[in-house]
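Chemist: Please model the complete structure; the sequences and the hints are all you need to start from.
This is what each chain is made of:
There are 2 protein chains.
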Amino acid sequence: MRRLFALAAGLAAFSLPAQAAEVTTHTLDNGMDIVVIEDTRAPVVVHMVWYRVGSADEPKGASGIAHFLEHLMFKATDTLESGELSRTVAANGGSDNAFTSYDYTAYFQRVASDRLELMMEMEASRMDGLRLVPEDIPTERDVVIEERNQRTENSPGALFAEQRRAAQFLHHPYRIPIIGWKHEAHNLSLEDANAFYEAHYAPNNAILVVAGDADPAEVIAMAEEHYGVIPLNPAIGPRDRVDEPPQLAERRLVMEDSRVAQPYVIRTYLAPERDPGDQRQAAALTLLAEVLGGASATSVLGQKLEFETQNSIYTSAFYSGLSLDDTTFGLVTVPADGVSLEDAEAALDAAVAEFLEEGVDPDQLERIKMQLRASLIYEADSIQSLARRYGAALTSGLTVADVEAWPDVLQEVTADEIVAAGRAVFDRTQSVTGWLRAPSTGPMSEATQ
Amino acid sequence: MRRLFALAAGLAAFSLPAQAAEVTTHTLDNGMDIVVIEDTRAPVVVHMVWYRVGSADEPKGASGIAHFLEHLMFKATDTLESGELSRTVAANGGSDNAFTSYDYTAYFQRVASDRLELMMEMEASRMDGLRLVPEDIPTERDVVIEERNQRTENSPGALFAEQRRAAQFLHHPYRIPIIGWKHEAHNLSLEDANAFYEAHYAPNNAILVVAGDADPAEVIAMAEEHYGVIPLNPAIGPRDRVDEPPQLAERRLVMEDSRVAQPYVIRTYLAPERDPGDQRQAAALTLLAEVLGGASATSVLGQKLEFETQNSIYTSAFYSGLSLDDTTFGLVTVPADGVSLEDAEAALDAAVAEFLEEGVDPDQLERIKMQLRASLIYEADSIQSLARRYGAALTSGLTVADVEAWPDVLQEVTADEIVAAGRAVFDRTQSVTGWLRAPSTGPMSEATQ
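Chains as they are written, first to last, in this note's numbering: chain E, 4 to 452; chain P, 4 to 452.
Check before you lean on any hint, since a few could be wrong.
Stated by the list, open to error - For lysine-lysine, the following DSS-like pairs were computed, each having C-alpha atoms within a straight-line distance of at most 25 Å: (1) K185(P) <-> K63(P); (2) K372(P) <-> K63(E); (3) K185(E) <-> K63(P).
Simulated from the structure, these hints should not be mistaken for laboratory data.
Modeler: Have a look at this one:
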């Protein structure tokens, strides 16, 4: 971690860690991985347990079960009453939460350092001692259904994203919403939850990440005592997922919803993810997203579409390489008043084509690299972000070495590699283009959107 | 079946059964259903065993296993050598085969009536006595892979159909090809085959259909002796399939393949299937497909697009209501030389819209109903088609009563119901529109397709 520190010296404008975090790793005999990120600047610790299971690992017809189980993990265990874990964290001045993604499910608490052992005791209790009762199901299911109503049913953009993902992946489970298809989420049962828990929750499928004011040797000793006694589940093997077949036909979707105030065009392309020991392509795509559609007003799409042609009022490009399997690279344009979705899309394509011809502006690239470097350092100043960085990477098939190499890999990417990555990923046969708009009120409104 | 006979009298131009077939049904104690269709005009019998399992019932990651197992069912059993069943059928002057669909798998032999018992003996042997050995797998898998190469990989239209189906169904397993995704079909194992066989092949998941010169009471007694002794599998319940979530966004696909000589536009809409006791909507859609795009040169699309505007050189509409779950209604137009796919599609949509305004021409409807009536009668003249009609219906959730009611239901459909069925099914949010074409060789060729 010396390198982070050296860079920090050149970036005094940011609020920087006074001391770089040290990362220590260990694996318990029962297969549980441990990552300790020591940062003694404040007497605070973040305690996270990450499971190598997410919505993409769900059984047929039980979509949403990974996320539903995440909710149910706050119910009673052999040693805790329902809700006792969160109440205890709060009573100790801490906060706790959990989250579920396609590839992982994670539970965390942020507390004063001297409460770390209490966290481990409770988290270990729900790793193999969860005791769900039938009454837990209907109430918590209502919570999840309400969550889906709020996040998805009430949002045309979220519904649109679900329909687009189902078209982006022909076969791979990333096509299924994390929160679950509504009709399936409505029918999740105690049996579904227990089966998923038994199949995936065990120390050999978990990663403990502790970040903050904690001595690595003490953390490991404490983990040995609380987690080390939990038997591993020998039935847990590699993830059991289907592979995507060749995508041979460009797909397009049009969704109309009367709640849409601002129509837009979004295109996603199937894209490679960060692979262990092989992150260069993903790094080039990460930079490509910044170059094309980063927040800065100087992004290529912003320049060409918002300023030069004034076709768009907003543009964006997005990519996240943190994924166990192939992910997507996205482009967005929100047309200016009076510009049709068709014209906005054509302008977007023209802008991207122009960019691939012109190549990357060296000054812009330098600026972006400096910003990325700074943001990684800035992020490392939060023990919570840092813990999350390691947890997400390790549950996405990467190693600690990959996480540590990532900032350098990003810096090493050349302008030519960025353009080459763009040419490789912008394959229309592997893409989905979506138009979201309000229903046309008559033949006239079609022309003016 | 008196009605069929009565109708036949009015259609003397067709080659008609001299005597209507009698249908007898029975269920064995072990749950095996029996349908005997007696037709004594020739000393021939068709013996079929239908299983209520198809590709849409396959486990995750083993797409193609239903069809692969169908191939493997010709290998050794407790009492038969590998290949002996087909050799015996041939040695007795008969023919045999099998087929797999989304909802069913069926095995049949056509032989002289006095060989029926031998067929039952052999078919019963492979219902619970299949004994696959490891050597069966690689060779038969190569056969299936070659079948896929011939039927799918070598055909842009077939590859296109796969990509379209994957977009048509967001979640339901009809999205997966019957023959299996190539990468999965390549990896099917002995364990996959045995597991699928054990899970689905049992008398309580089977329907015996015997058609031809066979006495129902004798068939039932014989079936009792050969099939009645096979134990049922109590683990077999209703099909375990996921339901389709709401389809909210119109989808479009463009596939380019240099092997495409003739580009075309194809649109499919999600459509209801024939339901037990409720076949009226499906009957209206069946007639709609005939009215719009039947073989006759007088079809609506043929008239409007091939003759009047000369936009198309070929048009079609297709629908098959025989399906356990929701199926599709399709429209096709092949543009005339110099007409773009875009213009061809617009003309297709305009023709359908015009039709929905104009309604059904009564003379055309009368002609079509007469043709359907005649074709059902004509088809009933073949004991094989008749056996297939019952087997397919019964494995698609229908009853013998539904099969027998179907010709009348078709006749009863009114012109208004056809238009109403069209208005209901032509919902673009539930549709996939596909363009198949050769890659454009440059910007000029785009305009001229």
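Chemist: All hints are to be evaluated individually against the structure, with a verdict given for each.
Modeler: Hint check results:
| no. | hint | result |
| --- | --- | --- |
| 1 | K185(P) <-> K63(P) | 14 Å, holds |
| 2 | K372(P) <-> K63(E) | 43 Å, violated |
| 3 | K185(E) <-> K63(P) | 21 Å, holds |
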